[in-house]
Amino acid sequence: MNDALNSRAGAFLRSVQDADDPTREDFERVRAGVKARLAAGVAAGVATLLTAKAATGAAATTTTAAATTVAATGAAIGVATASATVPPAAIATTGVGAALLTKLVAVVIVTGAVAGGVTAVVRHERAANVSPPSTSVAALPAVPKPPPPRPPTLAQSPPLAPSPAQTPSPPLAQSPTLPLAPSPPPALATATAAATTTPPASPPSSSSLDAEISLLRDARSALQGGNPSRALQLLDAHDRLYPAGALAEDCAAERVYAYCAMGDPTQARALAERFLAAHPASPHAASVRTSCVTF
Amino acid sequence: MPAGHDAARLAPVRTWADFDALYREHFRFVWRTVRRLGLQGAAIDDVVQEVFVVVHRRLDTFEERASAKTWLYGIVRRVVADHRRTLRRKPDRGAGAPQGPELDTMAAEGQGPEACAEQSERVRLLHRLLGELDEDKREVFVLSELEGLTLAEIAQALDANLNTIASRLRAARREFEEALDRATRADEALASAIEEGRAR
Numbered sequence: 001m002n003d004a005l006n007s008r009a010g011a012f013l014r015s016v017q018d019a020d021d022p023t024r025e026d027f028e029r030v031r032a033g034v035k036a037r038l039a040a041g042v043a044a045g046v047a048t049l050l051t052a053k054a055a056t057g058a059a060a061t062t063t064t065a066a067a068t069t070v071a072a073t074g075a076a077i078g079v080a081t082a083s084a085t086v087p088p089a090a091i092a093t094t095g096v097g098a099a100l101l102t103k104l105v106a107v108v109i110v111t112g113a114v115a116g117g118v119t120a121v122v123r124h125e126r127a128a129n130v131s132p133p134s135t136s137v138a139a140l141p142a143v144p145k146p147p148p149p150r151p152p153t154l155a156q157s158p159p160l161a162p163s164p165a166q167t168p169s170p171p172l173a174q175s176p177t178l179p180l181a182p183s184p185p186p187a188l189a190t191a192t193a194a195a196t197t198t199p200p201a202s203p204p205s206s207s208s209l210d211a212e213i214s215l216l217r218d219a220r221s222a223l224q225g226g227n228p229s230r231a232l233q234l235l236d237a238h239d240r241l242y243p244a245g246a247l248a249e250d251c252a253a254e255r256v257y258a259y260c261a262m263g264d265p266t267q268a269r270a271l272a273e274r275f276l277a278a279h280p281a282s283p284h285a286a287s288v289r290t291s292c293v294t295f
Numbered sequence: 296m297p298a299g300h301d302a303a304r305l306a307p308v309r310t311w312a313d314f315d316a317l318y319r320e321h322f323r324f325v326w327r328t329v330r331r332l333g334l335q336g337a338a339i340d341d342v343v344q345e346v347f348v349v350v351h352r353r354l355d356t357f358e359e360r361a362s363a364k365t366w367l368y369g370i371v372r373r374v375v376a377d378h379r380r381t382l383r384r385k386p387d388r389g390a391g392a393p394q395g396p397e398l399d400t401m402a403a404e405g406q407g408p409e410a411c412a413e414q415s416e417r418v419r420l421l422h423r424l425l426g427e428l429d430e431d432k433r434e435v436f437v438l439s440e441l442e443g444l445t446l447a448e449i450a451q452a453l454d455a456n457l458n459t460i461a462s463r464l465r466a467a468r469r470e471f472e473e474a475l476d477r478a479t480r481a482d483e484a485l486a487s488a489i490e491e492g493r494a495r
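Protein chains in written order, with this note's numbering: chain A, 1 to 295; chain B, 296 to 495.
Just so you know, the hints here were simulated from the structure itself, not pulled from any lab data. Predicted model, so just to flag it, every value in this text is computed and none were measured. Check before you lean on any hint, since a few could be wrong.
Chain B is faced by these chain A residues, among others (derived, beta-carbon under 8 Å) [to be verified]: (1) ASN6; (2) ALA9; (3) PHE12; (4) ASP20; (5) ASP21; (6) VAL34; (7) LEU232; (8) MET262; (9) THR266; (10) ARG269; (11) ARG289.
Pulled from the structure, derived: some chain B residues nowhere near chain A, Cβ distances all over 10 Å [stated by the list, open to error]: (12) ARG373; (13) GLY426; (14) ASN456; (15) GLU472.
Even glycine gets a Cβ: it sits at the ideal position worked out from N, Cα and C.
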């Protein structure tokens, strides 16, 4: 190429080729910062949801359903008693602080609020080498001793009744309405704050849950942002990847709302019927029932 | 994580593991490029961090692309542009006089203090010369001459016509050469430092 750099400039560039490389510290520092922001983003998104749901007044009644898990108790009571001004997710995130968030992803999912309570699943994932921060537990409202690990909803209904999408190989054994049933409940302290958490059940579970949360969250924000077809795409992606995922039920409910927003009540009604047959006791049942289709 | 990775082949999945792999592979490229687009000090951290937050958000659009670097650079330039806009609105913050060279990258290379000083002189000069190019030429020059991207890749990254990129690069090369000559004419010590680097 006759328009290449002259040899002098070329030699100069070669001599500074790698001079702008990052150091190991740069790599780690920025990575920690990114991680903290991603974790905060998840928590913030859910905090918005929590606040919105609580504001409807649904969560103000007694939190019977909230007893589903120890973690859910923490989340729901936090919302109900603190008028949702400072959701636990936010407390946990700020309490941990950016510097200490290097290995922590706190994930809070609100599966829906109905007149009866809030069901929430709080999962925390962290690697073994995190030094636990200390402040966030104190910031949470006092949580009463958890009720027995078996949630009341469990006795009334089969939360894992087969949904259309479910297959026999769930990557995550728990469903949102049955979060801790198969395993012993963690100590209270581990549930109340992201700071002191249980290790993940298994890496694939937590990473797929992470991905499920992303998809559901993005679908919700697409729907709220007036883009139901985008929401449906994301829900399709979720169902394709995690047909028996922990959030399959939540996505099925979201799908009903998306078809409502699309102006397709026929499809919405068909899906709502299927949803209610499969999940009669779902925390989403009431809102599905009163979506654009009325039963 | 077998489950996550199998799924990743079927369709884009935004897990931390997928993201982290991308980060590990391309952090260096993003960091270098951000510096060579003229950011300094804490702004480098801010911008690189923001780039990867955006990367995480858009990870599902990534798999369709042939080249990670072109995709990443598309994000880098938008984030850098946003950052510059913010600085223009807040002129008192961060846009001040150019800071000294950042020597941290040299420390690890085990050079003696003299070689280190020469090298930092060259780096300072590089940044100054890049700063004399306008933004359009600068990015094409950096991607081509320092990152080794092909013209086609650059055109894709900038969503621009190949001929446009080619002529921009030609112009950038000429300007850079002239600026280098001017700089070394004005400073004998610098010239010998460069010759030093050339001999190596």
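Here is what the structure says about each hint:
1. Annotation: interface hint on A:ASN6 holds; nearest CB of chain B at approximately 5 Å, less than 8 Å.
2. Taking 8 Å as the C-beta contact cut-off toward chain B, the hint placing A:ALA9 at the interface holds, the least distance being around 5 Å.
3. Given hint, A:PHE12 at the interface with chain B, holds; its Cβ is 5 Å from that chain's nearest Cβ, closer than 8 Å.
4. Checking A:ASP20 against chain B by beta carbon gives a least distance of about 4 Å; that is within 8 Å, so the hint holds.
5. Taking 8 Å as the C-beta contact cut-off toward chain B, the hint placing A:ASP21 at the interface holds, the least distance being around 5 Å.
6. Among the interface hints, the one on A:VAL34 holds; its C-beta lies about 5 Å from the nearest C-beta in chain B, closer than the 8 Å criterion.
7. At a threshold of 8 Å, the smallest CB-CB gap from A:LEU232 to chain B is about 15 Å, leaving the interface hint violated.
8. The closest approach between the C-beta of A:MET262 and any C-beta of chain B is roughly 21 Å, which is over the 8 Å cut-off, so the hint fails.
9. The beta carbon of A:THR266 comes no nearer than 28 Å to any beta carbon in chain B, farther than 8 Å, and the hint placing it at the interface is violated.
10. The beta carbon of A:ARG269 is not positioned within 8 Å of any beta carbon in chain B (closest approach about 29 Å), and the interface hint is therefore violated.
11. Interface restraint check for A:ARG289: the shortest CB-CB distance to chain B comes to about 32 Å, outside 8 Å, so the restraint is violated.
12. Look at B:ARG373: its CB is around 17 Å from the nearest CB on chain A, clear of 10 Å, so calling it non-interface holds up.
13. With 10 Å as the threshold on Cβ separation, the claim that B:GLY426 sits away from chain A holds: the shortest Cβ distance comes to roughly 14 Å.
14. With 10 Å as the threshold on Cβ separation, the claim that B:ASN456 sits away from chain A holds: the shortest Cβ distance comes to roughly 17 Å.
15. Look at B:GLU472: its CB is around 5 Å from the nearest CB on chain A, not clear of 10 Å, so calling it non-interface is violated.
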